[in-house]
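Chain R is already provided as a structure; the job is to place chains L and Y on it using the hints.
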Amino acid sequence: MTDAVTSLWPFLVYVVAVLLLVATMLGLSFVLGQRRANRATNMPFESGVLSVGSPQIHIAVEFYLVAIFFVIFDLETVFIFAWAVAFFELGWEGFIAVLVFIAILAVALVYELSTGALDWGVKTRAGAPRPESRQPQEEQH
Amino acid sequence: MSMPALILVLLAGGALAWLAQRASDELPRWVALATVIGALALLYYMAVELPAGSLALASDPRQAPSWPLYLKLDWIPRFGIALEFGMDGLSLLLLALTLLLGLIAIASSWTEIDFKPGLFQANLLWTLAGVCGVFLALDLFLFFLFWELMLLPMYLLIAVWGHENRAYAAMKFFIFTQASGLLMLLAIVLLAWRGASAGNGVSFSYLDLLGLELDPRLAWFAMLGFFLAFTVKLPAFPLHTWLPDAHTQAPTAGSVLLAGILLKTGAYGLLRFCIPLFPEASATFAPVAMSLGVAGILYGALLAFAQTDCKRLVAYSSVSHMGFVLLGLYAWNHLALQGAVVQMLAHGLSTAALFMVAGALQQRLHTRDMRAMGGLWHQAPRMGAATMFFVLASLGLPGLGGFVAEFLVLAGLFAVQPWFAAAAALGLITAVIYALWLLQQTFQGAPDERRQMADFGVREMLAMGLMMIALLWLGLYPQPALDLAQPVLDGLHDSALQPPAAPLAAAGSAP
Amino acid sequence: MNAADFQALLPLLVLSGGAVLLMLQIAFVRGVNRSAALATLTLVLAALSCASAVEQAPRQVTPLLVMDAFALLFCAVFCLAAAVTVLLSGDYISYHGDEPEEYFLLLVLSTLGACVLVSANHVASLVLGLELLSVSLYALIAYPNKSILPLEAAIKYLVLSGTASATTLFGFALLYAATGTLAFDALGEQLTATATGRPMLLLAGAMVFAGLGFKFSLVPFHLWTPDVYHGAPAPVTGFLASVSKAAVFLVLLRLFLDADLFRYRILVELTGLIAILSMLAGNLLALLQTNIKRMLAYSSIAHMGYLLLVFMVCIERDNRGLAVEAAAYYLIAYIATIIAAFGLLTLVSARQVEREDVQLQHVSGLFWRQPLLACLLLVALLSLVGVPLTAGFIAKFYLVVAAVDGSNWVLLGALIVGSAIGIYYYMRVIYYMSRKPEQQVSQAAPADGLAVRVLSGALIVIILLLGTVPQPLMAYIRSIL
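Residue numbers (our numbering), protein chains in the order written: chain R, 1 to 141; chain L, 1001 to 1511; chain Y, 2001 to 2481.
Calculated directly from the structure, the hints in this document are not laboratory data. Among the hints, erroneous ones may be present.
Using C-beta positions, here's what the derived DEER-type ranges look like [as the list claims (entries may be wrong)]:
(1) Asp-74(R) <-> Glu-2152(Y): 49 to 59 Å
(2) Pro-1077(L) <-> Glu-89(R): 24 to 34 Å
(3) Leu-2203(Y) <-> Val-16(R): 20 to 30 Å
Residues from chain L shown here face chain Y by an in silico Cβ test under 8 Å; the list is partial [stated by the list, open to error]:
(4) Pro-1077
(5) Trp-1110
(6) Leu-1149
(7) Leu-1152
(8) Leu-1156
(9) Ala-1159
(10) Ile-1175
(11) Leu-1183
(12) Leu-1185
(13) Trp-1193
(14) Leu-1207
(15) Leu-1210
(16) Leu-1212
(17) Arg-1459
Virtual Cβ for every residue (Gly too), placed ideally from N, Cα, C.
Just chain R, with the same shape it has in the complex (with noise of 0.2 Å):
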């Protein structure tokens, strides 16, 4: 336990700092700011404009399904950077491996293209849709 605290004082020291800084910020303008109750007092600082319309936008669904697409991608070139980094002390055990992987990745690729997890809008399956089928995902959107 000592150990850790002594190389992580700096650390700690720094933590304490910003939350200090913070609660000073705060606390200064709690107490010196002032307190009027105007008509725009509520409203949403936007650089002065005007916000117009409802917040609470309809986003397809898409959106966050190419989302989701991106991390897991994203994360899995990360493996292939940790192969990359020791590629010859690996040698071709590594290699298969990593050619093992990727492949699994396409197969999932395939799986994406092949199922319409990638087209937007109507979607247009490899099994023929049927009518009763398609009730439930029409009332997910």
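The following block gives chains L and Y in isolation, referenced to the frame of chain R:
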């Protein structure tokens, strides 16, 4: 191999009866009848084939050769569990009773069952198989297995073919017996494991575990586990509450089996396992057990008198009668033990017959309420006469089995615990009251002319006659039965290394 | 990695390869029956490959996995259990199917997770297996049946299980901070060197135990169980209740054994307390249920409590062999029983509209309508009660023997009391099944067909065989310990 064969015959007969239902509704009962008769024949063959005189030898139950019939096959060597069967005079007597009452049960349900008769007969036969297993098993694990296995078909008999409140009764019956069975399992494992730590490997064999030196506290707890399981089944006061419900709700054949045989497995367990395995603990426990016995006799009799339901009355009378068995066993001398064994047989016969009468009444009158009966003698004289016979047997009329049993128990007990004997003797008087009350309420009094009731037919009289003969034989000439049981009881008595207590030992040697 | 390593890893490789193939198959040629066939083939092949892998056992493959006979035995059991689940749920899945082929893919993946778990002897592989198992289960719960109950169950399981995983990870991080290693046996060595009773270590142990305890729903962490069991599709519930729990239990046992965490008496006594609480609370709460799935959920809490008794027995080094043997036998018996029970619920509710709701009335009179299915449920319930001749009896007997060996009287008492309470709610189901036909309500016919009959028959035979001829399996388990 004849002992497992006996069980297998009953099991296979059950399966066959179930299948026979597909052919017709009548076939299963014939299959069942044939199976039980076949099993009886097998038992007779086994008894005859025994080496001459082997049943009469005073035997040491710890030695395999001293068992007239003995079989051991490996089953689960990991825990030293074997398919170990043994038969001696006591087992033979109880097996004969079991199969005889099996016949009676089939006869009593001959026309009663409309719903799935095949499965009904199958359950009946499987219960019989379980009971036979209990009377034959020498490995404690195997014994426990049969002990539990006879419950399930019995549960189904009550739950499916029972009367109006069957769910409650069946559940109560199963929970009481199963929960106490778990305690027994724990006690068995405890015993076997302590036996193992004494050396020579784990064994669940009765032969190995008998006469084991045990830590007194441990022996005490293990003894309690056995005692609870057996006295729930017996049943002894205050663990008897499942019995009136189960008996009342069960179909006639179920009641016959329950009262006639299943209760005997409790007594058999006490006699064969609980007391000989833990002689010291049992000796110190004997006063408690005997007070439970006396309490059961008086309490059962009292409650029997208060019933208006004729099946419930007979059920409570069972509690009272089995109190004598408990007393006889814990008096632990030759006379009382003999009495307990005869009581087991006599009670099995007389109570089974009374349940059959009660079942017949219900089938004919669609009620068990005695207030709605009365004067039935005029409509059904044969039934009335049979009832009178068995009521007298139940109250212990000299010349019938019950008298011999109760006399022997009381005589044996008097030598040990005179006050308990005096209190138990009160049970003889109370028995007269409730037994005659039953007869009076149902068969005597003014007949109801509007009522039409069929008398006993040939089939029923045949069953009744069989039991009458057996009871008369037990009452007039009990010696053959006593001769069969005597060497076994001697063996058990002596194998308990130290006699339970000093006064008991003095009394024990003077039968 | 050489040929021997690959041979030892064969079951895992077969499962992974099967999963990839399944994915390709779904991508190009969709079809419930095809996917089911491929999944079954994969699982059966994986189970068979265990026989080949065992030639190399015990073998440490990479620092992460140890393929010993014990792990391989359970790999085979898991694969077979999953295969049975696949076969039993065919009707269920295709009847309401909205492109349900991924169900089979997810099932294979979670089986892979379970197999990784039982062969893990490193924290990294433990977490890997745990997450593979859990993440597939989240999807499995919600996927096959898009209605409100499964969705609710899946979200609940996702959130709570995620929390549990995080707790476990935090515990491991603390362990790593204290010892500087993540391999189980090295952990043990390092722990021997450090003083026992350090608060950080105890905290770490407690957090790991709490996280894993959540996954097999021990009492203070059990609140999710009934809702998830209730909401999840019946076949998935069966898988969740049997394979997932067994895998987590086994890895926890291996962790405790390899790292010798039994030295921490407080920790082990905590498990004893939790075991007692689980037995009593599980059984008592099960009494109140009229929904069979919820009832089985509570009863599974109790059964895990019984099993946890093994940990207390393990305190004495001499008793460990017997304790582990008992646990292994218990788990196998339990898996067979639970798969049978939930398999039956799957079949009963396969063509029902409100499928996740199997009330007692739904099995009313089942004996007279569907004798074979009723026998399956009967045998499964009797096995759960612990009636002789069924697998459950031998399993319970084993536990009692182990507990007597370890002189754990309090736990034994709780076991007896719990089992006694349990009789009531199991027998109630049997009573409902045996009710006469005129009392039953009309309802959808259960699934039927030759495959279902053969499987039901096979499950009955397996449960009875485990109960009547236990010696071969006992001897095998004993020989590989």
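Structure-based check of each hint:
1. Asp-74(R) <-> Glu-2152(Y): 49 to 59 Å: violated (31 Å)
2. Pro-1077(L) <-> Glu-89(R): 24 to 34 Å: The hinted range 24 to 34 Å is violated for Pro-1077(L) and Glu-89(R), with Cβ atoms some 54 Å apart.
3. Leu-2203(Y) <-> Val-16(R): 20 to 30 Å: holds (24 Å)
4. Pro-1077: Given a least distance of 7 Å, the restraint on Pro-1077(L) holds.
5. Trp-1110: violated (21 Å)
6. Leu-1149: At about 6 Å, which falls below the 8 Å cut-off, the nearest Cβ of chain Y leaves the hint on Leu-1149(L) intact, so it holds.
7. Leu-1152: holds (6 Å)
8. Leu-1156: holds (6 Å)
9. Ala-1159: It holds, given that the least Cβ distance between Ala-1159(L) and chain Y is near 5 Å, below 8 Å.
10. Ile-1175: Where the cut-off is 8 Å and the nearest Cβ of chain Y is about 5 Å from Ile-1175(L), the hint holds.
11. Leu-1183: holds (6 Å)
12. Leu-1185: With Cβ-Cβ at 6 Å, under 8 Å, it holds.
13. Trp-1193: holds (5 Å)
14. Leu-1207: violated (20 Å)
15. Leu-1210: violated (20 Å)
16. Leu-1212: With Cβ-Cβ at 15 Å, over 8 Å, it is violated.
17. Arg-1459: Because about 26 Å separates Arg-1459(L) from the closest Cβ in chain Y, which is outside the 8 Å limit, the hint is violated.
Checked against the numbered hints given earlier, the structure breaks hints 1, 2, 5, 14, 15, 16 and 17 and satisfies all the rest.
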